[in-house]
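S.K.: Below, each chain spelled out in residue letters.
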Amino acid sequence: MVLPAAGDCLLRNAWICGKYVSTRRDTILADLRQHVILTVVAVVIGFLLSVPLTLFVRRFRRAEGAVIGLTSILYGVPSVALFAVLVPFTGLTARTVEIGLVTYTLVIFVRNNLAGLDAVPADVRDAAQGMGMGSTRMLLRVELPLALPAILAGFRVATVSTVALVTVGALVGTGGLGQELNDAFSSYFKAEALTASVLCVLLAVVADLLIVGVGWWLTPWRRGRQT
Amino acid sequence: MTQRRILTALPALALGAVLAACGGSSSGGTPAPAGSSGGGASGSLTVGAAGFTESNVLAQMYADLLEKAGFTVSIKTVASQEIFQSSLEKGTIAVVPEYAATYANSLQTEVTGTQSPTAASPDLQTTLTNLEKYAKKKGLTHLDPANAVDQNAFAVTTDYASQHHLTTLSDLGASGLSVKLAATAECSARPFCKPGLEQTYKIKIGSILPLGFDTLPVKQAVKSGKAQLGLVATTDATLASFGLVVLTDDKHLQNADNLIPIVNASVLQQHPEIATAINPLAQLLTTADLGNLDKQVDVERKTVKDVAQAYLQSKGLL
Chain A
1 MVLPAAGDCL
11 LRNAWICGKY
21 VSTRRDTILA
31 DLRQHVILTV
41 VAVVIGFLLS
51 VPLTLFVRRF
61 RRAEGAVIGL
71 TSILYGVPSV
81 ALFAVLVPFT
91 GLTARTVEIG
101 LVTYTLVIFV
111 RNNLAGLDAV
121 PADVRDAAQG
131 MGMGSTRMLL
141 RVELPLALPA
151 ILAGFRVATV
161 STVALVTVGA
171 LVGTGGLGQE
181 LNDAFSSYFK
191 AEALTASVLC
201 VLLAVVADLL
211 IVGVGWWLTP
221 WRRGRQT
Chain B
1 MTQRRILTAL
11 PALALGAVLA
21 ACGGSSSGGT
31 PAPAGSSGGG
41 ASGSLTVGAA
51 GFTESNVLAQ
61 MYADLLEKAG
71 FTVSIKTVAS
81 QEIFQSSLEK
91 GTIAVVPEYA
101 ATYANSLQTE
111 VTGTQSPTAA
121 SPDLQTTLTN
131 LEKYAKKKGL
141 THLDPANAVD
151 QNAFAVTTDY
161 ASQHHLTTLS
171 DLGASGLSVK
181 LAATAECSAR
191 PFCKPGLEQT
201 YKIKIGSILP
211 LGFDTLPVKQ
221 AVKSGKAQLG
231 LVATTDATLA
241 SFGLVVLTDD
251 KHLQNADNLI
261 PIVNASVLQQ
271 HPEIATAINP
281 LAQLLTTADL
291 GNLDKQVDVE
301 RKTVKDVAQA
311 YLQSKGLL
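Protein chains in written order, with the numbering used here: chain A, 1 to 227; chain B, 1 to 318.
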């Protein structure tokens, strides 16, 4: 065994420590990868579930209060409590964490989807109807493109908040970089805490920029305008 | 039970309350997934770790020993031991490192609903008998308890000890010295702390400095003489560097919190090799070893994997 040299940043418990990263590279990368997968799966499934909910509210407007209210209540359930309720049923699995994460994205997606579709000007809708478009064609060809900026804004908020929320999954053993954070808190490991936090923030920023890029690509008519 | 573990148990108890309040309202009684463990021909097992250094190191050692015995092993690290209780009962987690007395009490609470469990005892055999009684009801059993014990301990400076000829807590009681105690604020009410020291050992405690359990301020307060006695852990390997020495708990005030592997009984029945793989560690692992392992991770910042492996190799177990 090699004895660490004097001034070893691990021994000093320094905030910034290259040796922390080099000695734990595999674990950090595995947890970063898990973090990305948990986030992507939650956001994609959350959006897919929000689509029928959005259309349901559009069709049955009186249900809007109930749907928004329900998703808001679910959003208000503390993740710790949610996991505790789920673990006896779904075990210490990624599924437990994903159920929580997906649930939390719903309120963001449904609200933004609705806001985007509701903001389509009535005269545009009238014109589309005048051109003989049915409701499905109007939704896909007219309303959806016009609602895209709002929907993408929903994606941005949902993704960034999910990146942060994934860490709570460490409570039940599947939390991406949250595992590092948990360990850092329990053993007062500064380099581990800072490295994992920085990676989380970077992940959120990169994900956000990616979605902005996708939005730019999907809405060519908006380029050159301030988003 | 050490104070540190009581504190980590609190949020879990709160969770239990939430669970009780929400009981039955959660969606769907889907059976637990078979997961990657719980026996079968696959021979793959999951070891649980409770997220603090000592538990993580022990879990890693169990995993290494099981792998050597031919199992495919994964480790599940959660935030506190209460979280994997349901998975352990189902067998999706096969084995976890626990503390005999603390776990006996928590099982008793879970089985009988009592708020003041009595299963834990300073005597290991009594503790194990009680543990077995409640574990059976949950489909659990245990392997051999280790010699290593993680308990509350009381430390003085080596100077103070030699000046007053102290090696045990009885010595301190007999000396008639009045001491200031650096400990947790709750120490004044806990039977293993101030009341126990006063009644069992007749130690005169002037006042308590509320500085926590085995914290840096506790050790510094004793070192500097602000307090003469400090509440520490038996597994704290840094005491010598503060010039502190533990006074022996010769009248056994503290419960038998020996490290012990808790196993799902049906998984063990399917794979009796689990016992033959892990049991040899029990006789070899001492309290000093445990403190040293904790120190390598918490102070020297070695990885849990390296520390566990090096220890097992040094004992000829790997």
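No lab work stands behind these hints: they were computed from the structure. Please note that the accuracy of each hint is not assured.
[Unchecked claim] Covered, in the sense of this in silico footprint (three residues per stretch, anywhere, with C-beta under 8 Å from a C-beta of chain A), are these stretches of chain B:
(1) 46 to 55
(2) 89 to 101
[What the hints assert, rightly or not] In silico DSSO-like cross-links for lysine-lysine, where the CA-CA straight-line distance does not exceed 30 Å:
(3) Lys190(A) x Lys202(B)
(4) Lys68(B) x Lys226(B)
(5) Lys302(B) x Lys19(A)
(6) Lys226(B) x Lys251(B)
(7) Lys19(A) x Lys315(B)
(8) Lys223(B) x Lys190(A)
(9) Lys223(B) x Lys137(B)
[Stated by the list, open to error] Chain A regions said to be covered by chain B (calculated; three or more residues, Cβ under 8 Å):
(10) 78 to 92
(11) 164 to 178
The structure presented is a predicted model; accordingly, all values stated were derived computationally and were not measured. All residues carry an ideal CB built from backbone N, CA and C; glycine is no exception.
S.K.: Take the hints in turn and mark each one as holding or not.
M.R.: Against the structure, the hints:
1. Beta-carbon proximity to chain A at under 8 Å applies to 3 residues in the stretch 46 to 55 of chain B; the threshold of 3 is reached and the given coverage holds.
2. Using a Cβ-Cβ cut-off of 8 Å, 3 residues of the stretch 89 to 101 of chain B lie near chain A, which meets the minimum of three, so the contact claim holds.
3. Under the criterion of a C-alpha separation no larger than 30 Å, the hint pairing Lys190(A) with Lys202(B) is inconsistent with the structure, at around 42 Å.
4. Taking the CA atoms of Lys68(B) and Lys226(B), the gap is near 50 Å; set against the 30 Å cutoff, the hint is violated.
5. Proposed proximity of Lys302(B) and Lys19(A) is supported: the alpha carbons are some 11 Å apart, at most 30 Å.
6. In summary, the hint linking Lys226(B) to Lys251(B) is supported, as the alpha carbons are separated by about 27 Å, within the 30 Å threshold.
7. A C-alpha spacing of about 28 Å is found between Lys19(A) and Lys315(B), which places the hinted pair at or below 30 Å, so the restraint holds.
8. The suggested pairing of Lys223(B) with Lys190(A) holds, with an alpha-carbon distance near 26 Å, which does not exceed 30 Å.
9. Among the hinted pairs, Lys223(B) with Lys137(B) is inconsistent with the structure: their alpha-carbon atoms are about 47 Å apart, more than 30 Å.
10. Restraint check on the stretch 78 to 92 of chain A versus chain B: 11 residues with Cβ-Cβ distances below 8 Å, three needed, restraint holds.
11. For a cut-off of 8 Å, the count of residues in the stretch 164 to 178 of chain A with a CB near a CB of chain B stands at 4, and the three-residue condition holds.
The earlier numbered hints that this structure contradicts are 3, 4 and 9.
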